[in-house]
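A.B. asks: Chains as they are written, first to last, in our numbering: chain A, 10 to 125; chain B, 1111 to 1227.
Any given hint could turn out to be false.
[Said to hold, decoys possible] Partial chain A-side listing against chain B, Cβ under 8 angstroms, derived:
{"no.": "1", "residue": "Y42"}
{"no.": "2", "residue": "L52"}
{"no.": "3", "residue": "E113"}
{"no.": "4", "residue": "Q114"}
{"no.": "5", "residue": "G117"}
[Claimed, not checked] Okay, the calculated beta carbon distance ranges per label pair:
{"no.": "6", "chain 1": "B", "residue 1": "E1125", "chain 2": "A", "residue 2": "K26", "range": "28 to 36 angstroms"}
{"no.": "7", "chain 1": "B", "residue 1": "T1122", "chain 2": "A", "residue 2": "T79", "range": "43 to 51 angstroms"}
{"no.": "8", "chain 1": "A", "residue 1": "K24", "chain 2": "B", "residue 2": "L1123", "range": "38 to 46 angstroms"}
{"no.": "9", "chain 1": "A", "residue 1": "T87", "chain 2": "B", "residue 2": "G1188", "range": "40 to 48 angstroms"}
{"no.": "10", "chain 1": "A", "residue 1": "A11", "chain 2": "B", "residue 2": "E1118", "range": "31 to 39 angstroms"}
{"no.": "11", "chain 1": "A", "residue 1": "K26", "chain 2": "B", "residue 2": "T1224", "range": "18 to 26 angstroms"}
{"no.": "12", "chain 1": "A", "residue 1": "G60", "chain 2": "B", "residue 2": "K1166", "range": "28 to 36 angstroms"}
{"no.": "13", "chain 1": "A", "residue 1": "G80", "chain 2": "B", "residue 2": "G1119", "range": "39 to 47 angstroms"}
{"no.": "14", "chain 1": "B", "residue 1": "G1151", "chain 2": "A", "residue 2": "T22", "range": "22 to 30 angstroms"}
{"no.": "15", "chain 1": "B", "residue 1": "E1152", "chain 2": "A", "residue 2": "T87", "range": "20 to 28 angstroms"}
{"no.": "16", "chain 1": "A", "residue 1": "R73", "chain 2": "B", "residue 2": "G1171", "range": "37 to 45 angstroms"}
{"no.": "17", "chain 1": "B", "residue 1": "S1113", "chain 2": "A", "residue 2": "G80", "range": "33 to 41 angstroms"}
{"no.": "18", "chain 1": "B", "residue 1": "T1224", "chain 2": "A", "residue 2": "G37", "range": "32 to 40 angstroms"}
{"no.": "19", "chain 1": "A", "residue 1": "K24", "chain 2": "B", "residue 2": "G1188", "range": "30 to 38 angstroms"}
The hints are simulated quantities; they were obtained by calculation from the structure and are not laboratory data. Virtual Cβ for every residue (Gly too), placed ideally from N, Cα, C.
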Amino acid sequence: GAGVSQSPSNKVTEKGKDVELRCDPISGHTALYWYRQSLGQGLEFLIYFQGNSAPDKSGLPSDRFSAERTGGSVSTLTIQRTQQEDSAVYLCASSPPGTYSYNEQFFGPGTRLTVL
Amino acid sequence: GNSVTQMEGPVTLSEEAFLTINCTYTATGYPSLFWYVQYPGEGLQLLLKATKADDKGSNKGFEATYRKETTSFHLEKGSVQVSDSAVYFCALSSKPPIIQGAQKLVFGQGTRLTINP
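Taking the hints into account, I'd like the entire structure generated from these sequences.
C.D. replies: Below, the structure is given as structure tokens:
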């Protein structure tokens, strides 16, 4: 079946512009995560959505970052007034529903963001 | 806070060599531990996991044992192949599996492994 998809695969933008990154999770997966992979910070958690619960935004680095998940499926990560330190690969993951067990996170290919 | 430390790379080995990639963690409670792998040009994928002390995760000839006394989860493989060349990430989830819900992961820095024929 189809895996997690992300678009665009590459995005180059100028400092100060806003960008939107999209994630399509695997159908039926209730949890959706955003992570960031950068040279200086490694792979770090940004935000996750779990069903109808309030999202955990504890990893967002600043208020320029926001995310939403519409209809419990597609998610958009928005970065406003981009800075050069935002350059990174943004990874999306989803996991299936389940109780009393670890639910494997399935990762997308990522969006490489370059801020000039 | 929770953190993961893994050996710095890059690591270069010859085919059929023995592999160890060290991973230690700091966490409160009873974390679950994971190894993820990122092959060239591909997305991150789960390699193996262990959810309680003394558990051994295994997959594709790789093994790692959850050692609570040493807070470690070292990755080993007895005989590596060229196809094992990838970046390996150790990770933890601070939420034990008995608790329902999403589990955010804390990752180590990653170790790039290159296997030469």
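A.B. asks: For each hint, tell me whether it holds in the structure or not.
C.D. replies: Tested hints:
At about 7 angstroms, the closest approach between the beta carbon of Y42/A and any beta carbon in chain B falls short of 8 angstroms, and the interface hint on this residue holds. With its C-beta approaching chain B no nearer than about 4 angstroms, L52/A sits inside the 8 angstroms limit, and its interface hint holds. The restraint placing E113/A at the interface with chain B holds, with a minimum CB-CB distance near 5 angstroms, inside the 8 angstroms limit. About 7 angstroms separates the beta-carbon of Q114/A from the nearest beta-carbon of chain B, less than 8 angstroms, and the hint is met.
This hint holds: G117/A has a C-beta 6 angstroms from the nearest C-beta of chain B, less than the 8 angstroms allowed. The supplied range of 28 to 36 angstroms is broken by E1125/B and K26/A, whose beta-carbon atoms lie about 47 angstroms from each other. Taking 43 to 51 angstroms as the suggested C-beta distance range, the pair T1122/B and T79/A conforms, at roughly 46 angstroms. At roughly 42 angstroms, the beta-carbon separation of K24/A and L1123/B lies within the given 38 to 46 angstroms, and the hint holds.
Between T87/A and G1188/B the beta carbon distance is about 47 angstroms. The supplied range of 40 to 48 angstroms therefore holds. Between A11/A and E1118/B the Cβ separation comes to about 36 angstroms, which falls inside the hinted range of 31 to 39 angstroms. At about 37 angstroms, the CB distance of K26/A to T1224/B disagrees with the hint of 18 to 26 angstroms. Between G60/A and K1166/B the C-beta distance comes to about 32 angstroms, which sits within the given range of 28 to 36 angstroms.
The beta-carbon spacing between G80/A and G1119/B, approximately 41 angstroms, falls within the hinted interval of 39 to 47 angstroms. For G1151/B and T22/A, the hinted distance range of 22 to 30 angstroms is satisfied, since their beta carbons lie about 24 angstroms from each other. In this structure the supplied range 20 to 28 angstroms holds for E1152/B paired with T87/A, their Cβ-Cβ distance being about 27 angstroms. For the pair R73/A and G1171/B, the supplied restraint of 37 to 45 angstroms holds, since their beta-carbon distance comes to about 44 angstroms.
Take S1113/B and G80/A: their Cβ atoms lie about 35 angstroms apart, and the range 33 to 41 angstroms holds. About 37 angstroms separates the C-beta atoms of T1224/B and G37/A, a value consistent with the hinted range of 32 to 40 angstroms. Against the hinted window of 30 to 38 angstroms, the Cβ-Cβ separation of K24/A and G1188/B comes to about 49 angstroms, which falls outside the hint.
Violated hints for the displayed structure, listed by number in ascending order: 6, 11, 19.
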